[in-house]
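Q: Going by the numbering used here, the first residue of the sequence shown is number 1, and it counts up by one from there.
Hints are computed from structural coordinates only; laboratory data are not their basis.
Among the hints, a few may not be true.
[Stated by the list, open to error] Simulated pairs of lysine to any residue, SDA-like, Cα-Cα distance not exceeding 20 Å: (1) Lys396 / Val220; (2) Lys246 / Ala408; (3) Lys398 / Val299; (4) Lys235 / Thr404; (5) Lys84 / Lys133; (6) Lys246 / Tyr64; (7) Lys285 / Pro200; (8) Lys130 / His194; (9) Lys285 / Leu381; (10) Lys235 / Lys396; (11) Lys235 / Lys398; (12) Lys133 / Val228; (13) Lys235 / Val299; (14) Lys400 / Val228.
Keep in mind that this is a model prediction, so the values were computed, not measured.
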Amino acid sequence: MEKGFTRIFWQALCVGLLTGLVIVLFRLGIENMFEFVMVHFYAAPLLFLLITTLGGLAAGFVVYKFAPETSGSGIPYVKMSLLKSGRHIRIRTIFVKFIAGVLGIGTGLSLGREGPSVQLGAGAGSFIGKIFKLDEHNRDKLIASGAGAAIGATFNAPIAGTLFVLEELIHRFTPSMLFPTLVATVVSASVARHFLGANPAFNTELGHITMEGSILPVCVVLGVLAGVLGVLFSKTIFFFNGVYSKIRVPNYLKPALAGFLTGLAGLFLPYILSSGNGSVEMLFKGELPIVLVCTIFCVKFIITPLCFGSGAAGGIFLPMLMLGSFLGYITGFGANLLGAEVNLVAISSLGMAGFLASVSRTPLTAVVMVFEMTGGYECILPLMLTAAIADMVAEKMKHKPIYTELAAWQIVHKGK
1 MEKGFTRIFW
11 QALCVGLLTG
21 LVIVLFRLGI
31 ENMFEFVMVH
41 FYAAPLLFLL
51 ITTLGGLAAG
61 FVVYKFAPET
71 SGSGIPYVKM
81 SLLKSGRHIR
91 IRTIFVKFIA
101 GVLGIGTGLS
111 LGREGPSVQL
121 GAGAGSFIGK
131 IFKLDEHNRD
141 KLIASGAGAA
151 IGATFNAPIA
161 GTLFVLEELI
171 HRFTPSMLFP
181 TLVATVVSAS
191 VARHFLGANP
201 AFNTELGHIT
211 MEGSILPVCV
221 VLGVLAGVLG
231 VLFSKTIFFF
241 NGVYSKIRVP
251 NYLKPALAGF
261 LTGLAGLFLP
271 YILSSGNGSV
281 EMLFKGELPI
291 VLVCTIFCVK
301 FIITPLCFGS
311 GAAGGIFLPM
321 LMLGSFLGYI
331 TGFGANLLGA
341 EVNLVAISSL
351 GMAGFLASVS
361 RTPLTAVVMV
371 FEMTGGYECI
381 LPLMLTAAIA
391 DMVAEKMKHK
401 PIYTELAAWQ
411 IVHKGK
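Please model the entire structure based on the sequences and the hints provided.
A: Encoded structure:
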């Protein structure tokens, strides 16, 4: 028994190290590409449109030419890999997902790097399992551990990475799965902190929120809004999935169309480009007027599903957090107009948890992820209330977890 634990410890350690390094490189690749595009091409509208279109085209070509399983988020693919035990993730998948993600998100597609990161981490776990010549059951443990490690490294949130595996990917708690996942997520987050810094994913001062005064009704209203709009966001995703499935052109051309439309919108509203990290930082610093906040929310709400439906290698995780933060800010602003005195930045963080809980139906992961990302441990009670209400509203609207639905959609429409 002791020898077995020692062996799985070293295997999980290797998964965490490899995943952490891959995620750091992936993030730096996307950020440097996006910065290069904005600095050198954004001021020339026609050239910028050409870049976003070619970026989508290149990303689509790489995906559909070399590894079609890398289209989209990557999380549904990992779920199906674990469901069909023994379905290993190819080494090619890691390279293609990495390159396609940098090309697409780095040139402006309104998608997140977190879903692709999960597939990269799962691929790293599969690779380590192959090196150690593990059987299918034990390799699945490393695949799941790698997925959790990717979340831990991406968001600097190792606890949320562990919960993500248990709540989203395997839907059960087992000590044999918990141990390697904890080891891998802690190691990967440590690697990310070494290279990228130990600060929370979003540097902000949330202040202290107690469950007193006007905060309780604001949490209730925000939870309901996040629940309803989260379900609507999911329906919008499947609407565009259906639209793209009816467009009779080669699949690799569809991300090019998304790139062109995103670039066109981005010329007027650059805040909606790429994953949205910078826009959330600006929101937390109070640098965006309320009219602009509302406009960004509405456009991002449409443009992200439009990009996602094209099959480009990108996810919706961070866009969901961005939308939630903007929704929280709008709700808090409205509450203050009615006489409440709430901290808009803190309410924005509550919106993140509520929107993510509604769309993904993972309230525990949503709560823990947000307070790890923001360092807002003192906001835990309002976070829990908002996420719980949003999840309950989604349940009442008969909304199923988005990644489960996407996996089912891929099986039906793509035969994967």
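Q: The structure should be examined with respect to each hint, and the outcome stated for every one.
A: Taking the hints in turn, this is what the structure says about them:
1. A C-alpha spacing of about 15 Å is found between Lys396 and Val220, which places the hinted pair at or below 20 Å, so the restraint holds.
2. Distance hint between Lys246 and Ala408 is fulfilled; the C-alpha atoms sit about 18 Å from each other, no more than 20 Å.
3. As the CA atoms of Lys398 and Val299 are separated by approximately 26 Å, the hinted pair breaks the 20 Å bound.
4. At most 20 Å may separate the alpha-carbon atoms for a hinted pair to count; Lys235 and Thr404 meet this at roughly 14 Å.
5. With a C-alpha separation of about 19 Å, the suggested pair Lys84 and Lys133 falls inside the 20 Å cut-off, and the hint holds.
6. With a C-alpha separation of about 17 Å, the suggested pair Lys246 and Tyr64 falls inside the 20 Å cut-off, and the hint holds.
7. Annotation: proposed proximity of Lys285 to Pro200 holds, straight-line Cα distance about 15 Å (limit 20 Å).
8. Our distance criterion of 20 Å between C-alpha atoms is broken by Lys130 and His194, whose separation comes to about 27 Å.
9. Using a Cα cut-off of 20 Å, the hinted pair Lys285 and Leu381 is violated, with the two alpha carbons roughly 23 Å apart.
10. Annotation: proposed proximity of Lys235 to Lys396 holds, straight-line Cα distance about 15 Å (limit 20 Å).
11. With a C-alpha separation of about 12 Å, the suggested pairing of Lys235 with Lys398 holds against the 20 Å cut-off.
12. Only pairs whose Cα atoms come within 20 Å are accepted, and Lys133 paired with Val228 is rejected, the gap being roughly 47 Å.
13. For the hint pairing Lys235 with Val299, the CA-to-CA distance comes to about 16 Å; that is within 20 Å, so the pair holds.
14. As the CA atoms of Lys400 and Val228 are separated by approximately 13 Å, the hinted pair is consistent with the 20 Å bound.
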